[in-house]
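J.: Residue-level listing of the chains:
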Amino acid sequence: MWKTLRQIGRIGIVTEPPPTSDDTLRIAGALQSRILDVLGRALCIRAVDAGSCNGCELEIHALNNPLYNIESLGIRFVASPRHADLLLITGPVAKNMEVALRRTYDAAPDPKLVVAIGDCGCTGGIFGESYASCGRVSNVIPVDVAVPGCPPSPHQILSGILTAISKANLRPLALRER
Amino acid sequence: MTWPCNAGSIAAVRQSGGGAIAGAPKTCGLTVVRDEWRQAAEHMAVHGGRLLSLWASRDDNGDDVVRAAYIALPGVLVLSLPLTNVDYPGIEQWFPAANRMQRAVAELSGLRATDSDARPWLRHAAWPGGFHPLIHINTPPSPAVPAIDDYAFVPVAGDGVHEIPVGPVHAGIIEPGHFRFSVVGEKVLRLEERLGYVHKGIERRFGELPMLGGHRLAARVSGDSAVAFSWAYCQALEGMAAANLPPRVAWLRALALELERLANHLGDLGAIGNDAGFAFGLAQFSRLKEQLLRASERALGQRYLMDFVVPGGTRADLSSAGALTLFEATESIAAEVDALRTIYDEHAGLRDRFVGAGVVTPALAARLGLTGLAGRASGQAFDLRCDLPCDPYGNLAPTKAVRAEGDVAARVAVRFDEVAESTRLMQRILSQLPAGLHQAAIFHSPRRCLGRRNDRGMARTGISCAGSRRRRRHPSMSSARSVVAQLAGDRARHHRQHRTGFPAHQ
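Protein chains in written order, with the working numbering: chain Z, 1 to 178; chain R, 1001 to 1506.
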């Protein structure tokens, strides 16, 4: 126990402050109040792997590490789509996952946001559309923001999430295109 | 034909009519008839051979051939069985790992093993049963409304037995899969897995891509093993083209491979701690992993080395400043992991959850053909870097990390040992990196290489080319089955804990 405490004390808090100079990340500063404006509470994300190679999952995991510390921004990954405000979808949508993805989307309460992560989520990537792949996420469910990259860095994923929220703030949610 | 008494005797196979496979060192190919196919499997099983992969393809004459690759040290034996009808003798009784490979062959190529489980594996409901993606060219139209299939899980009946379905969408940030628990109270009577949710037609896609572009697809078979898969693919390609690569190429690739291994171990050591209720472990190890990824980005230009390995070399070279960055990162990480290992070893709560949990005995591991670190934690002392070393591993002489206990504690110990070994190897590579080019020019004239497209080649780490079919194998194909074995008789509330140590990636 002593060693554990000493390690915690020695490392201290390593969370990096969100930079303020970058336009995209400027949103990060005002993020919490914006989330509260839009959703009235902290942002809850349900991540769904719809057929990815798990590269994007590794970078989504990184958002939870002490350096990005996404929870300190009021963003939390939740275990059920019924608790989610935003769905974070990775991968080309495998045909075998199509039904599960549609059901997850339907299970998330309105208003909801969808962010497609990675080249595959944006365009189908190298897998494209085939007998086993539906291609990009927007071929299956409506997508608000798509974040390219293979895999996109945690900063890019974060900025995609922030873009989705700011977009939602600009238009009444009920009027969003389906 | 009489089989060589030593499964590994490549010379004896040659005498019985086998031949070397172009571009695949230490690999021998042999065409057999039906009886020999089964005899060979039995012989391999008895003499400690291991099934590497089983796949089928249709050659240029339109004849179907089913192939099995066995690791029979000191080499690899590839058996080919030309077929006259659509069935072939199954080998599941000797190699349980063949079950899913045979089922995949049935769906992808339409060839059925005589002992095969007839339930679909990769095909859920998205395409009709008569369509075999590796045989038929025209894809049938998809139904307007995706159909829902009804998979026949093995029923467990009796007083108080109930089923708990889990997945395919899970509570964490994790790949999809369905688990069906049959339980009585807290006791798990049976766990059945249904996977294949992320099947996205990679085998067929390989055939559609140009040979020199396939490494990008190989890297995306599994994103946490991008270097391993793309290296294997490039190795097969370079073998077929008989390419002579500058020595620096292999050393840079090995550096990338160890970097990938280290990053995965750091991530999983944190996740295992977290699954056992020790969030401190996740925070610490994920911090170290981030340090490593950032060093990788500074030195090689990428956090994850997706397209780092390319045919003929590596995408980028390593500058001396980059080498210094990586050296310092590995030094600091090795010291920190040492400190954390003491904490993991001395933490009573963790020991309580690790020791004796999720045991896979060495005997069971051998029967299931368990590979990778899960195998090494159950006494299966196999590591291709040592057993079939390619350059530069012959020079580096990596030490195998092996434990015999087969529990979560053993898997954690193997991971810690491999972290230490990988940092040592990386430091050695960085200090001895040969000078020279990081790419060979040979692949700039693709015509010349592609002239040999129909040669058969095998890469050691699991991708093979047979005609234009490439077959991939991930260690989880056999280790996933051991999760089932571990859980039988365990208690449902310990499910998370008993799985710890197994996620191939988190």
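Keep in mind that the hints were calculated from the coordinates and are not lab data.
Every residue, glycine too, gets a C-beta built ideally from N, C-alpha and C.
Treat the hints with care, since some could be wrong.
[Said to hold, decoys possible] Which residues of chain R face chain Z? A partial, calculated answer using Cβ under 10 Å:
#1 1140
#2 1264
#3 1291
#4 1303
[Unchecked claim] Distance condition first, Cα-Cα at most 20 Å in a straight line; then the derived SDA-like pairs of lysine to any residue:
#5 3/Z / 1342/R
#6 3/Z / 1347/R
#7 3/Z / 1287/R
#8 3/Z / 1073/R
#9 3/Z / 1400/R
#10 3/Z / 1274/R
#11 3/Z / 1341/R
#12 3/Z / 1277/R
#13 3/Z / 1388/R
#14 1026/R / 1388/R
#15 3/Z / 1349/R
#16 3/Z / 1334/R
#17 3/Z / 1332/R
#18 3/Z / 1280/R
#19 1400/R / 1073/R
#20 3/Z / 1279/R
#21 3/Z / 1343/R
#22 3/Z / 1416/R
#23 3/Z / 1283/R
#24 3/Z / 1348/R
#25 3/Z / 1026/R
#26 3/Z / 1246/R
J.: Take the hints in turn and mark each one as holding or not.
T.: Hint check:
| no. | hint | verdict |
| --- | --- | --- |
| 1 | 1140 | 8 Å, holds |
| 2 | 1264 | 9 Å, holds |
| 3 | 1291 | 9 Å, holds |
| 4 | 1303 | 6 Å, holds |
| 5 | 3/Z / 1342/R | 9 Å, holds |
| 6 | 3/Z / 1347/R | 10 Å, holds |
| 7 | 3/Z / 1287/R | 18 Å, holds |
| 8 | 3/Z / 1073/R | 45 Å, violated |
| 9 | 3/Z / 1400/R | 30 Å, violated |
| 10 | 3/Z / 1274/R | 18 Å, holds |
| 11 | 3/Z / 1341/R | 11 Å, holds |
| 12 | 3/Z / 1277/R | 18 Å, holds |
| 13 | 3/Z / 1388/R | 41 Å, violated |
| 14 | 1026/R / 1388/R | 8 Å, holds |
| 15 | 3/Z / 1349/R | 15 Å, holds |
| 16 | 3/Z / 1334/R | 17 Å, holds |
| 17 | 3/Z / 1332/R | 18 Å, holds |
| 18 | 3/Z / 1280/R | 12 Å, holds |
| 19 | 1400/R / 1073/R | 16 Å, holds |
| 20 | 3/Z / 1279/R | 15 Å, holds |
| 21 | 3/Z / 1343/R | 7 Å, holds |
| 22 | 3/Z / 1416/R | 18 Å, holds |
| 23 | 3/Z / 1283/R | 15 Å, holds |
| 24 | 3/Z / 1348/R | 13 Å, holds |
| 25 | 3/Z / 1026/R | 49 Å, violated |
| 26 | 3/Z / 1246/R | 47 Å, violated |
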